[in-house]
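Protein sequence lines, in the order shown, are assigned to chains S and X.
Each residue of the first sequence is one higher than the last, beginning at 1 in the UniProt record's numbering.
Each residue of the second sequence is one higher than the last, beginning at 1 in the UniProt record's numbering.
Treat the hints loosely; a few may be bogus.
In silico DSS-like links for lysine-lysine, alpha-carbon gap of 27 Å or less [as the list claims (entries may be wrong)]: (1) X/Lys166 x X/Lys152; (2) X/Lys10 x X/Lys166; (3) S/Lys62 x X/Lys152; (4) X/Lys203 x X/Lys130; (5) S/Lys10 x X/Lys62; (6) S/Lys203 x X/Lys203; (7) S/Lys62 x X/Lys130; (8) X/Lys62 x S/Lys203; (9) S/Lys166 x X/Lys203; (10) X/Lys166 x X/Lys130; (11) X/Lys203 x S/Lys62; (12) S/Lys152 x S/Lys130.
Keep in mind the hints are simulated off the structure, nothing from the lab.
Next come the chains, spelled out residue by residue.
2 protein chains.
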Amino acid sequence: MRELFQADLKSLGDQLVEIAGLVRVAMERAREAVETADVEQAEQVISDDARIDTLQNTLDEKAIELLALQAPVATDLRTVVGSLRMSTSLERMGDLARHIAQLTRLRYPELVFPESRRESFSRMADDCVKVAAALEQLLTEHDLDYAREIVKLNNEINELHAQNFKAVAAADWDATAPQTVDVTLASRYFERFADHAVSVSRKVTYLLTGEWEPTIPSA
Amino acid sequence: MRELFQADLKSLGDQLVEIAGLVRVAMERAREAVETADVEQAEQVISDDARIDTLQNTLDEKAIELLALQAPVATDLRTVVGSLRMSTSLERMGDLARHIAQLTRLRYPELVFPESRRESFSRMADDCVKVAAALEQLLTEHDLDYAREIVKLNNEINELHAQNFKAVAAADWDATAPQTVDVTLASRYFERFADHAVSVSRKVTYLLTGEWEPTIPSA
Numbered sequence: 001m002r003e004l005f006q007a008d009l010k011s012l013g014d015q016l017v018e019i020a021g022l023v024r025v026a027m028e029r030a031r032e033a034v035e036t037a038d039v040e041q042a043e044q045v046i047s048d049d050a051r052i053d054t055l056q057n058t059l060d061e062k063a064i065e066l067l068a069l070q071a072p073v074a075t076d077l078r079t080v081v082g083s084l085r086m087s088t089s090l091e092r093m094g095d096l097a098r099h100i101a102q103l104t105r106l107r108y109p110e111l112v113f114p115e116s117r118r119e120s121f122s123r124m125a126d127d128c129v130k131v132a133a134a135l136e137q138l139l140t141e142h143d144l145d146y147a148r149e150i151v152k153l154n155n156e157i158n159e160l161h162a163q164n165f166k167a168v169a170a171a172d173w174d175a176t177a178p179q180t181v182d183v184t185l186a187s188r189y190f191e192r193f194a195d196h197a198v199s200v201s202r203k204v205t206y207l208l209t210g211e212w213e214p215t216i217p218s219a
Numbered sequence: 001m002r003e004l005f006q007a008d009l010k011s012l013g014d015q016l017v018e019i020a021g022l023v024r025v026a027m028e029r030a031r032e033a034v035e036t037a038d039v040e041q042a043e044q045v046i047s048d049d050a051r052i053d054t055l056q057n058t059l060d061e062k063a064i065e066l067l068a069l070q071a072p073v074a075t076d077l078r079t080v081v082g083s084l085r086m087s088t089s090l091e092r093m094g095d096l097a098r099h100i101a102q103l104t105r106l107r108y109p110e111l112v113f114p115e116s117r118r119e120s121f122s123r124m125a126d127d128c129v130k131v132a133a134a135l136e137q138l139l140t141e142h143d144l145d146y147a148r149e150i151v152k153l154n155n156e157i158n159e160l161h162a163q164n165f166k167a168v169a170a171a172d173w174d175a176t177a178p179q180t181v182d183v184t185l186a187s188r189y190f191e192r193f194a195d196h197a198v199s200v201s202r203k204v205t206y207l208l209t210g211e212w213e214p215t216i217p218s219a
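Full structure from sequences and hints, please.
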């Protein structure tokens, strides 16, 4: 019984890794789509999102079945409940990558971002791809260095988010109103994407250490 | 044992109602703050949000304790897991009311919305207050009429959200870039607020009927 349960727990973990892998691919494709106005890549992200939703439902049903059949306690229970929460965050990350792809499709054949913000968004998108890759690794290897990396990347993304808002409010901002809307929304989508990754990495950290914050060695 | 468990389940439900009540008050105050540039009301929403976060944590710990000690199955198990998810959605609704209050504070003593969008946002805010009130009633009385009302209000809010985006893209849009940002963000905050309410009401509907959708009688 106990061994069976451990196998079930491992299978939950594997499903989280699988979803995290799909989220990473979604963000990689969304980045390419938005940077090159690649509408086919955007369509791919949009249609693939259904797969993430399905996997999340499968994982959630599996977790509830585990709770019913095995009645886990202590750390095992927190792991199962944590999986439910992490799957919700991963599913939202998939939605946010899809939103970026939807902006790409909406503005095609134009590029979404005005010239003056392209470099900033390119860094944001790169950081989000790195966040997604680090999250997949964290869930696979349970090495807290990845959690620290996610926190650092999130700080950078928050800084870029603030810069975008500052640029829009500046006197020399000359983009159109729809471009202003796109900058506002996309900046928020990237920022929320990273927030959810931080939320997942906090849960992993808690499950591994009993502490909520990854300890970041001072430089 | 069984009676004790039912009392615990009821206490979880009461905590959800309590959080939903605080979310309703937060949205009522956020509406007043944003419509009248009332910065004190805005500060109140911002500082009261911590109370929602604390109650959510308390509820979650209680739910996990219930799972550990009582090992519920079937409907009871789904109710406990559902409470965990509903508390997450309610906490996000509180955050979104706080974001509206933060916009109010940011633009004080100016009003957040340009003249031309005020009526539209007034309807959106009213609808969100109604959504929050209906959600509190749904969690209190378990009457699915409230779930149907939430779905209807959400449709209206989605329509107003689309109208805001259309207005910003129109040739006669003459608001400043920061106002365009505010309209974009606030419209999205209201829309997400209602989305979370729909998500909670779907869970309540599922727990009461085994079906995900409230049946809306055709007019």
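Verification of the hints:
Annotation: proposed proximity of lysine 166 of chain X to lysine 152 of chain X holds, straight-line Cα distance about 21 Å (limit 27 Å). Of the pairs offered as hints, the one joining lysine 10 of chain X and lysine 166 of chain X is violated, with about 45 Å between alpha carbons and a cut-off of 27 Å exceeded. For the given pair, lysine 62 of chain S sits about 33 Å from lysine 152 of chain X by alpha-carbon distance, which is inconsistent with the 27 Å threshold. Among the hinted pairs, lysine 203 of chain X with lysine 130 of chain X is consistent with the structure: their alpha-carbon atoms are about 19 Å apart, no more than 27 Å.
Distance hint between lysine 10 of chain S and lysine 62 of chain X is fulfilled; the C-alpha atoms sit about 26 Å from each other, no more than 27 Å. Between lysine 203 of chain S and lysine 203 of chain X the CA atoms are separated by roughly 24 Å; this keeps the pair inside 27 Å, and the hint holds. Of the supplied pair hints, the one linking lysine 62 of chain S and lysine 130 of chain X is violated, its CA atoms being roughly 36 Å apart against a limit of 27 Å. Between the alpha carbons of lysine 62 of chain X and lysine 203 of chain S the distance comes to roughly 18 Å, so the proposed pair stays at or under 27 Å and holds.
Note on lysine 166 of chain S and lysine 203 of chain X: the hinted pairing is violated, with a Cα-Cα distance of about 40 Å set against a maximum of 27 Å. This hinted pair checks out: lysine 166 of chain X and lysine 130 of chain X have alpha carbons roughly 25 Å apart, not beyond 27 Å. Under the criterion of a C-alpha separation no larger than 27 Å, the hint pairing lysine 203 of chain X with lysine 62 of chain S is consistent with the structure, at around 18 Å. With a CA separation close to 11 Å, the supplied pair lysine 152 of chain S and lysine 130 of chain S stays within the 27 Å bound.
Hints 2, 3, 7, 9 from the earlier list are contradicted by this structure; the remaining hints agree with it.
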